[in-house]
Each structure stands twice: as structure tokens, then as C-alpha cells.
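Q: Given next are the chains, with one letter for each unit.
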Amino acid sequence: MQDKITRLFKAIADPTRRDIFHALVIATSALSITQISNQFEMTRQGITKHIKTLEEAGLVYIKSEGRERFCNANPKELQEVNKWLKFYEQFWDDKLGSLGDYLNNKV
Amino acid sequence: MKDVIKKEVVFNHAIDQVWNAITKAEEISTWFIPADFKAEKGYKYLFTSPPNEKGCTTIGGEILEANPYLLIYTWIVGDTETETTVKWELESTSEGTKLTLEHSGISNYAGETAVAMFESFNGGWDNCINGLTSYLKEEVNAG
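For the protein sequence lines, the chains are F and S, in the order given. Note that the numbering used here gives residue 31 to position 31 of the first sequence, counting from 1, and the numbers run on in steps of one. Convert by adding 1000 to the 1-based position in the second sequence; the result is the number in the numbering used here.
It should be emphasised that the hints constitute simulated quantities derived from the structure, not laboratory data. Please note that the accuracy of each hint is not assured.
Taking lysine-lysine and the DSSO-like style, the derived pairs with C-alpha atoms no more than 30 Å apart in a straight line are [as the list claims (entries may be wrong)]:
no., chain 1, residue 1, chain 2, residue 2
1, S, Lys1098, F, Lys83
2, F, Lys86, S, Lys1098
3, F, Lys4, S, Lys1038
4, F, Lys106, S, Lys1024
5, F, Lys95, S, Lys1024
6, F, Lys63, S, Lys1098
7, S, Lys1044, F, Lys86
8, F, Lys4, S, Lys1087
9, S, Lys1024, F, Lys86
10, F, Lys95, S, Lys1038
11, S, Lys1098, S, Lys1038
12, F, Lys95, S, Lys1098
13, S, Lys1007, F, Lys95
14, S, Lys1006, F, Lys10
15, S, Lys1007, F, Lys106
16, F, Lys49, S, Lys1038
17, F, Lys106, S, Lys1044
18, F, Lys106, S, Lys1087
19, S, Lys1098, F, Lys76
20, F, Lys63, S, Lys1007
21, S, Lys1041, F, Lys95
22, F, Lys4, S, Lys1007
23, F, Lys10, S, Lys1038
24, S, Lys1098, S, Lys1041
25, S, Lys1044, F, Lys83
26, F, Lys86, S, Lys1006
27, S, Lys1024, F, Lys10
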């Protein structure tokens, strides 16, 4: 499980991969490697490498049809980490608010 | 997407006042979470939620650094083994004291643990925070 999260963070650490992932999330249907290459003006090889990293992290599903491969986003994976970040964001905002109140009232 | 939470707040108070608030057990216990805490390197601290609240979990860890004005400790929730790090740094400014808080290593939360822990937080932490809020209100009213 630890590895899974590490892969997830590795996948989203790269801005190009985030852009590819975003493009897949907003696409209404699966995109082929060719379509993604055209959209990002990158070689198929480059795109394939990025897609593979996203797939390993569980962020993208790949389905082969004939000679073409189609990619679908799986944003569910990100929700887990997001939950944690959201929780702590709120937690620290609340706590630092309390600290401010505490300091103001302590005269 | 990131795995570090960073917060910056400026307090209109002297740096030592803020430093005491984040390092002295009785002060931490007032605004944060009731604490067994010593700002000494190597000390194993423990934050425990108010005893009258149910479903709260403890937070413990070890002080890695505690020199004015830098405080770093590990942050381990409940019985889990997931270790994250919390860093508090103070700096004097013309307006008072700037506090920079960094909570890093959120990515260490393994997927399954995150679900279980989040569920225990969900409700549990609300109780903790509500308990603390009412405690603080009572303190202020009483004072």
C-alpha cells in the first residue's frame, strides 16, 4: 500500500503528466494515444511513457482496440490523498485560529 | 497536488509569547489539545483529547528539534505507524511574529490506513474540536 501511494505521488509530481491526466478527466470519452500525442505535440513514445506511469499509479485505464490504445482517467485514486490534505488543511486552519484567539485573550 | 501543508500566520504578539504557546504543556493544552509535552529533543510527547469526549484519538511522537524558534516533531495518530512531521518556525517581524507551520509526509499515509483513519477522524475529530472550542469559550467567559 505504501508503494501505491508513492507511485501516485510520483505520477502527479510531473506537470506534463498532470496536464495529460487533466485532459483525460475532462474528455467525455476515452482518448487514444494518437489523440493525446496530437493535443500535446509530443511523440507517441513520450506520451506512452507518461501514460504508463499514470497507469501504474492507477490513475489511468488503458483499453486496446485493434492497433490503437484508448485511455480513460480514474480520478478516484486521488480522492484518498485529497481527503487527507483537506482534513489537515481544515485542522490546521482551526488550530491556528485557536492559537490566535488564545494569544489575544491572554493579557 | 502536494503532500506538504504549509500555513503562515502573523500574530500581533512578541515572539516569546508565541513560542511559549507552542512549547509549554499547559499552554498547548489550553488552545490545542491537552498535552504531555516537553520542548526537549528526544522527548516523547502525547496529545490526548478531553476525557469527557468519546471517539477521540491520541497523537504522539518525538521531539526532533526544539530550539528557539524552531520546533519539529513527528506526528503519529492513534495506534497507527504512519509517521508525518510537523514543523513550527517563528520569526520576528515589524508587525509581531510570523509563524510558519509545515506538516509534511502526508503521502506516507498508506491507502487503506487513510480510509480507516479518516473514518475515525470523521466524527472523532469533530468531537475533539467542538470540545476544545467550548472549553476555550468557558475559559474566556470564566476569566
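Q: Against each hint, give a clear statement of whether it holds in the structure.
A: Going down the list of hints, with the structure as the test:
For the given pair, lysine 1098/S sits about 28 Å from lysine 83/F by alpha-carbon distance, which is consistent with the 30 Å threshold. The hinted pair formed by lysine 86/F and lysine 1098/S meets the criterion: a straight-line CA distance of about 23 Å does not exceed 30 Å. Proximity of lysine 4/F to lysine 1038/S is assessed by CA-CA distance (about 36 Å); at most 30 Å being required, the pair is judged violated. For the given pair, lysine 106/F sits about 14 Å from lysine 1024/S by alpha-carbon distance, which is consistent with the 30 Å threshold.
Between lysine 95/F and lysine 1024/S the alpha-carbon distance is near 16 Å, which keeps this suggested pair within the 30 Å criterion. Distance check on the hinted pair: lysine 63/F and lysine 1098/S sit about 52 Å apart at the alpha-carbon level, beyond 30 Å; violated. The hinted pair formed by lysine 1044/S and lysine 86/F meets the criterion: a straight-line CA distance of about 27 Å does not exceed 30 Å. Distance restraint check for lysine 4/F and lysine 1087/S: the Cα-Cα separation of roughly 26 Å lies within the 30 Å cut-off, and the hinted pair is therefore satisfied.
Distance restraint check for lysine 1024/S and lysine 86/F: the Cα-Cα separation of roughly 28 Å lies within the 30 Å cut-off, and the hinted pair is therefore satisfied. Restraint check: the Cα-Cα separation between lysine 95/F and lysine 1038/S comes to about 19 Å, which is no more than 30 Å; the hinted pair holds. A threshold of 30 Å between alpha carbons decides the hint, and for lysine 1098/S with lysine 1038/S the separation of about 22 Å falls inside it, so the pair holds. Between lysine 95/F and lysine 1098/S the alpha-carbon distance is near 16 Å, which keeps this suggested pair within the 30 Å criterion.
Our distance criterion of 30 Å between C-alpha atoms is met by lysine 1007/S and lysine 95/F, whose separation comes to about 11 Å. Restraint check for lysine 1006/S and lysine 10/F: satisfied, since their Cα atoms lie roughly 20 Å apart, inside the 30 Å limit. Between lysine 1007/S and lysine 106/F the CA atoms are separated by roughly 23 Å; this keeps the pair inside 30 Å, and the hint holds. Restraint check for lysine 49/F and lysine 1038/S: the C-alpha separation of about 50 Å exceeds 30 Å, so the hint is violated.
Our distance criterion of 30 Å between C-alpha atoms is met by lysine 106/F and lysine 1044/S, whose separation comes to about 28 Å. A hinted pair counts as satisfied when its Cα atoms are at most 30 Å apart, and lysine 106/F with lysine 1087/S qualifies at roughly 24 Å. Of the pairs offered as hints, the one joining lysine 1098/S and lysine 76/F is violated, with about 37 Å between alpha carbons and a cut-off of 30 Å exceeded. A C-alpha spacing of about 42 Å is found between lysine 63/F and lysine 1007/S, which places the hinted pair above 30 Å, so the restraint is violated.
Our distance criterion of 30 Å between C-alpha atoms is met by lysine 1041/S and lysine 95/F, whose separation comes to about 23 Å. Of the supplied pair hints, the one linking lysine 4/F and lysine 1007/S holds, its CA atoms being roughly 27 Å apart against a limit of 30 Å. Restraint check for lysine 10/F and lysine 1038/S: not satisfied, since their Cα atoms lie roughly 37 Å apart, outside the 30 Å limit. Proximity of lysine 1098/S to lysine 1041/S is assessed by CA-CA distance (about 23 Å); at most 30 Å being required, the pair is judged to hold.
Proximity of lysine 1044/S to lysine 83/F is assessed by CA-CA distance (about 28 Å); at most 30 Å being required, the pair is judged to hold. At roughly 12 Å between alpha-carbon atoms, lysine 86/F and lysine 1006/S fall within 30 Å of each other, so this suggested pair holds. Among the hinted pairs, lysine 1024/S with lysine 10/F is inconsistent with the structure: their alpha-carbon atoms are about 38 Å apart, more than 30 Å.
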